Amino acid sequence: MNRTWLVIKHEYLKHVKKKRFILAILSLPFFILLMVAIGFLSVIFQYDNTPVGYIDRSGILENSIDYQAEAPIGFMKPIDFIRYTDESEAEFALNNNNIQAFYVIDENFMETREIKVIANEVPDSSINSEFYTFFKLNVLKDLPATISDRVMEGASFEIKSTAEQKSANEDNVLVFILPFLAGFLFIMAVNISAGYLLQAVVEEKENRTMEIMITSISPTQLMTAKVIGNLSVGLTQLVVWILFGIIGISSLFRLFPDLQSTKIDFSFLLLTIMVFIPAFVMIAAMMAALGATTTETREAQQIAGIFTIPMVLPYWFMQVLMEKPNSPLSIFFSIFPFTAPVSLPMRAAFSSIPAWQIIITITLLILFAIAALWFAGRAFRLGMLRYGKKLSLKEIFTQRP
Amino acid sequence: MNTIEVNNISKTFGSQTALDQVTFEVKPGEIFGLLGPNGAGKTTCIRIVLDIFKPDSGSVKIFGNGMSEGKKDQIGYLPEERGLYQDIKLEECLNYLASLKGLSSNESHKRINEYLVRFNLDEHKKKKVKELSKGMQQKAQLITTLVHDPKLIIIDEPFSALDPVNTQMVKDILREQRDLGKTIVMCTHQMQQVEELCDRLVLINQGKSVLYGTLSEVRKTYAGHAIHIRTEDQIPNSLPGMKEIKRLENHHLYQVDLDPEVSPQDFLKLLVAVNINIDQFEIASPTLDEIFIQVVTESGMKYE
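In order, the protein sequences belong to chains A and B. The working numbering applies: residue 26 is where the first sequence begins, and numbers increase by one. The working numbering applies: residue 144 is where the second sequence begins, and numbers increase by one.
Same shape as in the complex, but just chain A:
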């Protein structure tokens, strides 16, 4: 056990201590941060908080209700609306840059629905819509509060599949995002960890250190240590990214308080984890087997790509999974072990999956994981001393180590 630990430590630190690893781990959040920052900056630079003026010829804004406009980003100064009675006065203010634009509401607005905008530069569409919200509020001010509030808020669309009681609410954005995100993270985790693992096994062959290793520890210990050590590297990377993600999301919540109403379904998370763990082991073991049967890192990486294709396949059929979560294709995708990790959570978000299907999926995944481990163990013992010669499938099944 002690020696297994030594190998785990060595495999883990070998990657984690490298500058390349630290750069790789920081580059993704940095890149995302940069994109977000650029997005924010462009909003900040485009946004003009100079007040806008208006001239009301319709009389709708007589004794107007106050409306506090919303700035696109929480901390920015919202625009003010200034009332002018005279067009020349407003023009004077516009030319002195006291206002960025002014709206002229037509005398017969109720018939013509015409609002003229006068400005030196076209104002941002968000400013138009803010002004219109203010105006709409005043149009509706004589109606009972319950009615006007409904109109102002708009409807909340709820998506419901015909056969099931499960529903997704548009307000609960996470229900849509979570399965995608979970699947995406899963694929990332698998690719990263499996990549490290693959490299670690092939490297042992490229360095010809296998004989030294297995005359010091048993092949099982070596294999176990390599799997755990390298999966931990992938997980470390993932955990760091998730931490950055949590920091990012919580700061998003602070900036956009509207999102706070969303909540995450616990049973959904449980299902996701139950599917991900055996799938993770299955794919990791297959990568290890692949590493043991091939002779060069580059060759192994090319073949490894084949495993990624079925995993991302459900994304191409996303629409089917969302709109017809109980169609035969969706059911097949959520049961077939390679597509299940991405498909099952996606289906679960839009429909209630019968228990028997979940049981079949998870059982199949566990069986595949065990078979993959067995296969990897054999491939490892048979292939470890094959330098420059590939191991064939037939040999793995028939030959005695």
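Keep in mind that the hints were calculated from the coordinates and are not lab data. For clarity, every value in this text was computed on a predicted model and none was experimentally measured. The beta carbon of each residue, even a glycine, is placed where N, CA and C say it ideally should be. Mixed in with the good hints, there may be bad ones.
Claimed, not checked - Some chain B residues near chain A, calculated using beta-carbon distances under 8 Å:
#	residue
1	LEU193
2	ILE195
3	ASN208
4	GLU212
5	LYS215
6	GLU224
7	ARG225
8	GLY226
9	TYR228
10	GLN229
11	TYR239
12	SER242
13	LYS244
Said to hold, decoys possible - In silico PhoX-like pairs for lysine-lysine, Cα to Cα no more than 25 Å straight-line:
#	chain 1	residue 1	chain 2	residue 2
14	A	LYS43	B	LYS269
15	B	LYS269	A	LYS34
16	B	LYS253	B	LYS270
17	B	LYS232	B	LYS268
18	B	LYS232	A	LYS44
19	B	LYS271	A	LYS42
20	B	LYS170	B	LYS204
21	B	LYS273	B	LYS253
Could you slot chain B onto chain A? The hints should help.
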């Protein structure tokens, strides 16, 4: 108790027979030569002894019984396929491999530093392994073989890639290890090294053991019925009991093949009787190289 007992082991890879009923013993404290031409099955044999491969039939005992994880610490192995982690520092690599043989961190640092100094690798210990020359890597590999002070040392082609100075150093180390009571199995096809170092040997050809015993026994078995004579006189072309005569490197050295029923003693008497002045008279003992070539070609013809 013998250090290694190999009992009738056979191994096939697909249709190819790598080993066929090989049997030998290695006694404690000796240097044992495992010889054979390229592809004879030496490495397969060693891998079976080390439990890397399982034999199809037959059995192997190490230190009295089967292989176990605990025994791996008492064995130092220098594989034919030299391997060190190329991408890490030499010192780190050696310490890691030593720790897997059960050495504590302090102990392995201490011993490795001693060896690095002895092998003139001390100034290179901060370099990555891949930056070292082949000879240096070979010496580094030897450190990993010896650092945990194993009771049994198994080395596959220990002198390949070494210059004469380093070859001498490795020979000295092997002798020193033997004097410390270690058992050494040396796998090679360099016969002069075997003649210098080995006490006993087994010769494997095409998976079969074709020669087995102490160095002197083997020599005696293959000592033909020949003598070397150095003389300035002319030896007559035909003498009783003389089958063939040929001149060796210079004009005064001859090799004479005798009839089987004539002893060298009788032939010497005859030479004296015919008045030939003899500067040198010796029984021609074949070199291991000659035995090796003879056995391999003979058995090769037999099995082809």
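Results for each hint:
1. For the restraint placing LEU193 (chain B) at the interface with chain A, the shortest Cβ-Cβ distance is roughly 5 Å, inside the 8 Å limit, so the hint holds.
2. Among the interface hints, the one on ILE195 (chain B) holds; its C-beta lies about 6 Å from the nearest C-beta in chain A, closer than the 8 Å criterion.
3. Here the hint on ASN208 (chain B) is broken, as its CB sits about 17 Å from the closest CB of chain A, past 8 Å.
4. The interface hint given for GLU212 (chain B) is met, as the beta carbon of that residue sits about 6 Å from the closest beta carbon of chain A, less than 8 Å.
5. At a threshold of 8 Å, the smallest CB-CB gap from LYS215 (chain B) to chain A is about 6 Å, leaving the interface hint in force.
6. Interface restraint check: GLU224 (chain B) against chain A, minimum CB-CB distance 4 Å, threshold 8 Å, status holds.
7. For ARG225 (chain B), the suggested interface contact is upheld, since its CB lies about 6 Å from the closest CB of chain A, less than 8 Å.
8. Hint on GLY226 (chain B) holds. Least Cβ distance to chain A is approximately 3 Å, under the 8 Å limit.
9. Proximity of TYR228 (chain B) to chain A holds as hinted, the smallest CB-CB distance being about 6 Å (cut-off 8 Å).
10. Annotation: interface hint on GLN229 (chain B) holds; nearest CB of chain A at approximately 5 Å, less than 8 Å.
11. Because the beta carbon of TYR239 (chain B) sits about 6 Å from the nearest beta carbon in chain A, less than 8 Å, this interface hint is met.
12. Using the Cβ-Cβ criterion of 8 Å, the hint placing SER242 (chain B) at the interface with chain A is satisfied: the shortest such distance is roughly 5 Å.
13. The beta carbon of LYS244 (chain B) is positioned within 8 Å of a beta carbon in chain A (closest approach about 6 Å), and the interface hint is therefore held.
14. About 16 Å separates the Cα atoms of LYS43 (chain A) and LYS269 (chain B), which keeps this hinted pair within 25 Å; it holds.
15. Our distance criterion of 25 Å between C-alpha atoms is met by LYS269 (chain B) and LYS34 (chain A), whose separation comes to about 21 Å.
16. The suggested pairing of LYS253 (chain B) with LYS270 (chain B) holds, with an alpha-carbon distance near 19 Å, which does not exceed 25 Å.
17. Of the supplied pair hints, the one linking LYS232 (chain B) and LYS268 (chain B) holds, its CA atoms being roughly 7 Å apart against a limit of 25 Å.
18. Distance check on the hinted pair: LYS232 (chain B) and LYS44 (chain A) sit about 15 Å apart at the alpha-carbon level, within 25 Å; holds.
19. Annotation: proposed proximity of LYS271 (chain B) to LYS42 (chain A) holds, straight-line Cα distance about 15 Å (limit 25 Å).
20. Annotation: proposed proximity of LYS170 (chain B) to LYS204 (chain B) holds, straight-line Cα distance about 12 Å (limit 25 Å).
21. A distance of roughly 23 Å separates the Cα atoms of LYS273 (chain B) and LYS253 (chain B); the hinted pair therefore holds under the 25 Å criterion.
In the structure shown, a violation is registered for the earlier hint numbered 3 alone.
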